[in-house]
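Visitor: Residue-level listing of the chains:
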Amino acid sequence: AQSVSQHNHHVILSEAASLELGCNYSYGGTVNLFWYVQYPGQHLQLLLKYFSGDPLVKGIKGFEAEFIKSKFSFNLRKPSVQWSDTAEYFCAVIPRDNYGQNFVFGPGTRLSVLP
Amino acid sequence: KAGVTQTPRYLIKTRGQQVTLSCSPISGHRSVSWYQQTPGQGLQFLFEYFSETQRNKGNFPGRFSGRQFSNSRSEMNVSTLELGDSALYLCASSLGSGPYEQYFGPGTRLTVT
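Protein sequence lines, in the order shown, are assigned to chains X and Y. Following our numbering, the numbering of the first sequence begins with 63 at its first residue and continues without gaps. Following our numbering, the numbering of the second sequence begins with -5 at its first residue and continues without gaps.
This is chain X alone, in the form it adopts within the complex:
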């Protein structure tokens, strides 16, 4: 069965610092990849997604992620974080031939941005 790991449980940054959150998955085939964000008291929202094509994908609020197939990784980046980026971030994977498969989520990384 596929699994998703996220490198950090809790990341603390100061405003304007750069962010990189790691995500690795285990699945031998082709996958679709996602990052979701859950702001305090709010529901999960899609930040960005990768289906195919350019492995560098841009999402909302200045976030981007790079798919590196050889490393089974899909790391999330943002050049300069803001206090409003404080949230929990989840990486998710689903096999490309996804009929009958389900999304698998990583355990989440809590990001705290200090003003």
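Calculated directly from the structure, the hints in this document are not laboratory data. Every residue, glycine too, gets a C-beta built ideally from N, C-alpha and C. Treat each hint with caution, since some may be false.
[As the list claims (entries may be wrong)] In silico lysine-lysine, DSBU-like type, Cα no more than 35 Å apart, as pairs: (1) K133(X) - K120(X); (2) K133(X) - K123(X); (3) K7(Y) - K133(X); (4) K131(X) - K7(Y).
[Said to hold, decoys possible] Taking beta-carbon pairs under 10 Å as the criterion, some of the chain Y residues facing chain X (in silico): (5) Q38; (6) S45; (7) N50; (8) F54; (9) E76; (10) S80; (11) L84; (12) Q96.
[To be verified] Part of the chain Y face toward chain X, derived, beta carbon under 7 Å: (13) P33; (14) G34; (15) G36; (16) L37; (17) F39; (18) E42; (19) F63; (20) E95.
With chain X held as given, fit chain Y onto it using these hints.
Guide: Chain Y only, in chain X's frame:
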């Protein structure tokens, strides 16, 4: 386009009781997935319904069940509640075919006492 709605938003039940949660997906979406979210376990997949059929199921006991109606609305039922069932239950709506993403509702916060 209206988002995913879940009712009720909050629920308090006693051990041994049963509970039914409801989810209305985005219009045109045929797939509804349910997840249990807890601080220690993250998002755990319960099951997915597509066109009224359960398409996939996670590793939860038979006390957890669900169904989907012809209008794609879905319900989830938990019988014989246990303290450990206290969690945020999330519903996610999607097209369910082709490359697709899931859109999440606000969740139902279930507390079992």
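Visitor: All the hints need checking, so say for each whether the structure fits it.
Guide: Do the hints match the structure? See the list:
no.	hint	result
1	K133(X) - K120(X)	20 Å, holds
2	K133(X) - K123(X)	26 Å, holds
3	K7(Y) - K133(X)	45 Å, violated
4	K131(X) - K7(Y)	46 Å, violated
5	Q38	8 Å, holds
6	S45	12 Å, violated
7	N50	5 Å, holds
8	F54	12 Å, violated
9	E76	23 Å, violated
10	S80	18 Å, violated
11	L84	7 Å, holds
12	Q96	6 Å, holds
13	P33	10 Å, violated
14	G34	9 Å, violated
15	G36	4 Å, holds
16	L37	4 Å, holds
17	F39	5 Å, holds
18	E42	6 Å, holds
19	F63	21 Å, violated
20	E95	5 Å, holds
Comparing the model with each numbered hint stated earlier shows that hints 3, 4, 6, 8, 9, 10, 13, 14, 19 do not hold.
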